[in-house]
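We have chain A; now place chain B onto it with these hints.
Protein chains in written order, with this note's numbering: chain A, 122 to 556; chain B, 122 to 556.
Fair warning: there could be bad hints in the mix.
Same chains, same label: a pair holds when it works inside one copy or across any pair of copies.
Taking lysine to aspartate or glutamate and the EDC-like style, the derived pairs with C-alpha atoms no more than 16 Å apart in a straight line are [as the list claims (entries may be wrong)]: (1) Lys496 / Asp532; (2) Lys496 / Glu289; (3) Lys534 / Asp494; (4) Lys550 / Glu351; (5) Lys496 / Glu542; (6) Lys185 / Asp494; (7) Lys534 / Glu389; (8) Lys413 / Glu451; (9) Lys391 / Asp458; (10) Lys416 / Asp381; (11) Lys265 / Asp301; (12) Lys496 / Asp540; (13) Lys452 / Glu343; (14) Lys452 / Asp216; (15) Lys550 / Asp232.
If you're looking for bench data, these hints aren't it; they were derived computationally from the structure.
Because the structure is a prediction, the values reported are computed rather than measured.
Number of protein chains: 2
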Amino acid sequence: MNIRLYHANILAMASGFDLIEDGEIWIHDSEILFVGTAEEAKRNYGMVLNLLDDDDWDREIDLKGDVVMPGFKDAHTHSAMTFLRSAADDMPLADWLTKQVFPREALLTEDDVYIATKLAILEYLTSGITTICEMYLHPNTIAKATEDCGFRCVQCGGMNNFSQSIEEQREWFGSLNNGDPLTSFRLGLHAEYTNSRELMEKTAELSHELQAPVYLHCSETENEVAACKERYGLTPTEFLDSIGLLDYGSTFFHGVHVTDHDIEIMKEHKVAVVTNPASNVKLASGIAPISKYIKAGITLGIGTDGPASNNCLDMFREMFLVTGLAKLLEKDASAVDALQVLDMAVKGGAHAIGLSDCDCLAKGKKADLIVIDMKQPNMQPVNNLAKNIVYSGSKSNVRLTMVNGRVLYEDGKFFIGEDPEYIYGAVQKIIDRMR
Amino acid sequence: MNIRLYHANILAMASGFDLIEDGEIWIHDSEILFVGTAEEAKRNYGMVLNLLDDDDWDREIDLKGDVVMPGFKDAHTHSAMTFLRSAADDMPLADWLTKQVFPREALLTEDDVYIATKLAILEYLTSGITTICEMYLHPNTIAKATEDCGFRCVQCGGMNNFSQSIEEQREWFGSLNNGDPLTSFRLGLHAEYTNSRELMEKTAELSHELQAPVYLHCSETENEVAACKERYGLTPTEFLDSIGLLDYGSTFFHGVHVTDHDIEIMKEHKVAVVTNPASNVKLASGIAPISKYIKAGITLGIGTDGPASNNCLDMFREMFLVTGLAKLLEKDASAVDALQVLDMAVKGGAHAIGLSDCDCLAKGKKADLIVIDMKQPNMQPVNNLAKNIVYSGSKSNVRLTMVNGRVLYEDGKFFIGEDPEYIYGAVQKIIDRMR
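One chain only, chain A, in its complex shape (with noise of 0.2 Å):
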């Protein structure tokens, strides 16, 4: 399959952030061939058009103006959970997850897991988000899932004391890296305090083992860090390094509370933090210091969260929230610019999640992009592309979603494979079953 976008302004992001106007891109498969001006192109077409398969284009579009930029990296979120979506918010992360999510949980079954992930999916595509990073039940499943729609996705374990196990971290570790390549895998817990220490020293030893890092929900919350200090004496991040936890790197999720010793730690062992700032609003969890982590440059990413707590997912909402809060924490306006949150939701998330043939639109990786659409009145006038994207961008500028070369929404009609109406239906099914 070989497309050509033309008549964009390309921010492909992979040097800086300059604008090529007027540009075009090719892709074949499931990879870029060529970005660059229309003028390149006509020089490199003969040179190009040599490793296309034939000829012609199976499809070209006239995008008219309007930009294509790398897709947003949601990178940290649980699908499945849209079955929750406001069925149960205003209360306390604990509450909230002992009494209303865990019950629920239970009694979910893997075709439940198999449809509630469609549903996120769609939400994600009309987002202009090509890949999450997953936690949650049913890995094979989830996998299932996600390629069904042909949709990228990094998982990781969410093991705790009374799901998953050691065994089948290793074994998910070894399918889910070596099957489909919109898949793969990462070792992960879901945090210090719902594991014990006897697991995490043996996730820490598996770490060694395959030389890999491992994920986990980090200094979310006050609560968390204090009963981490009371059970060892130690903060989570200090805790994990003692056990060894985070020498071949770790990604964080959360990282809200964190000291600057914390700081000091995540950045000698390479730690990544994604922040999931809608949800640790919704939750009354408090503001992640990210213009510390910068400073201290830590690879940094955002993440939805799970349509439980955020309730949706939407990377212009988690995007405005990063800056907006940074400036509030730090009393500050000019803290965490626009520049800043455009990398961290394309590059630093890609990275955050071990991904690297997607971070950019650049000849050779992954065809994994979005058009955003110039002609609506929030994105008017155009004094500074980023600033408009981040500051008043929405959901509703977004045209065209693709990955891996395949275009999955388009001018609001999903391409997935399956009927939204159908998945809505399925997945109030599910909700109305456990009332």
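Just chain B now, with coordinates in the frame of chain A:
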């Protein structure tokens, strides 16, 4: 013009938040004639039709189960500042105002204000906003722009030491309250810190003469409050009270930094507050104490503030921020729930800006309403409609926006009598001219 909406789920908000399932709304010209179930509609058909000019509907719209609700009220904005969107960001309020905004506003013509206001109206419509409370330069021009679009606009004076006068306020109060029913006018000051004591005392006199409240920016930043205390030994609220400016009520825009004593004064004088959370975080101004206001029974509305400080005009973003920031401020995930926010965005906003005829869907009210598309992934499943709207709703769910009985926006198309592309081009020229 007679319009019938049917197969609607109606969130009328006339009393409480109960949903009328399979409902109908009948509209005659600018007014709502009937709101009820299909069954009630059938029973009332003959009776109500006698009130109509003719037996036929000009238009019947099958909503296929989508939700109809009253339009949102953007209770504080500076619409024409669209021209400055993304032209200046990431700086504190004082610098932003004196170095970026004021010098450029000095170059703004009435024609500029006219077209830049229209750009904002396009955006309001996409977000289901049917009424704004506007403070800007050239009120007569703004009235013309909004009336030409068929849009409802409450204006207030924005007097300061360099612009607008007591005489102009008196004149606008007379003319703009007695012209097109879409337009009304309230007395208003820019703020305490931009007006001499003499001007504020004269405004208080005018307020007494006209028995009308005065609207103004109040207690937006810590610096503002500190400077007022230094000038007068009083907080802004205490000072305004001391000169009798609150005697006929008032509406405070922002109200971020207030004392308990301020809130007592506000309660006593029935002062309403319009909160602008996106602007307040982006300019690092702080978080308004919404829970305290609710406890004190203060009337509360929500505003976007101008597009140069926000930078978008989106009530969904504001609603999420109102609840999210309240939860953060109170460290309580149950603070300010979805119903309270929805009430602020619709009824509270209408009351804060002095409107009582477009605050809910009921017989005799103005036909200012919106249709929410429930067939999108972010609105599924429907466990709680109000929570879906506040926590996961977005611009992309607004299928139709009707103001004063006229459809101004439907399925992504605008019906305001001017081509959006022309407006985009004209506003781009304004800012290009100023570079």
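Outcome of the hint check:
no. : hint            : verdict
1   : Lys496 / Asp532 : both (13 Å within a copy, 15 Å between copies)
2   : Lys496 / Glu289 : neither (49 Å within a copy, 38 Å between copies)
3   : Lys534 / Asp494 : both (15 Å within a copy, 14 Å between copies)
4   : Lys550 / Glu351 : neither (43 Å within a copy, 62 Å between copies)
5   : Lys496 / Glu542 : between (29 Å within a copy, 7 Å between copies)
6   : Lys185 / Asp494 : within (10 Å within a copy, 28 Å between copies)
7   : Lys534 / Glu389 : neither (46 Å within a copy, 53 Å between copies)
8   : Lys413 / Glu451 : within (10 Å within a copy, 24 Å between copies)
9   : Lys391 / Asp458 : neither (23 Å within a copy, 39 Å between copies)
10  : Lys416 / Asp381 : within (12 Å within a copy, 38 Å between copies)
11  : Lys265 / Asp301 : within (9 Å within a copy, 60 Å between copies)
12  : Lys496 / Asp540 : between (28 Å within a copy, 12 Å between copies)
13  : Lys452 / Glu343 : between (21 Å within a copy, 11 Å between copies)
14  : Lys452 / Asp216 : between (31 Å within a copy, 14 Å between copies)
15  : Lys550 / Asp232 : within (12 Å within a copy, 55 Å between copies)
Checked against the numbered hints given earlier, this structure breaks hints 2, 4, 7, 9; the rest are met.
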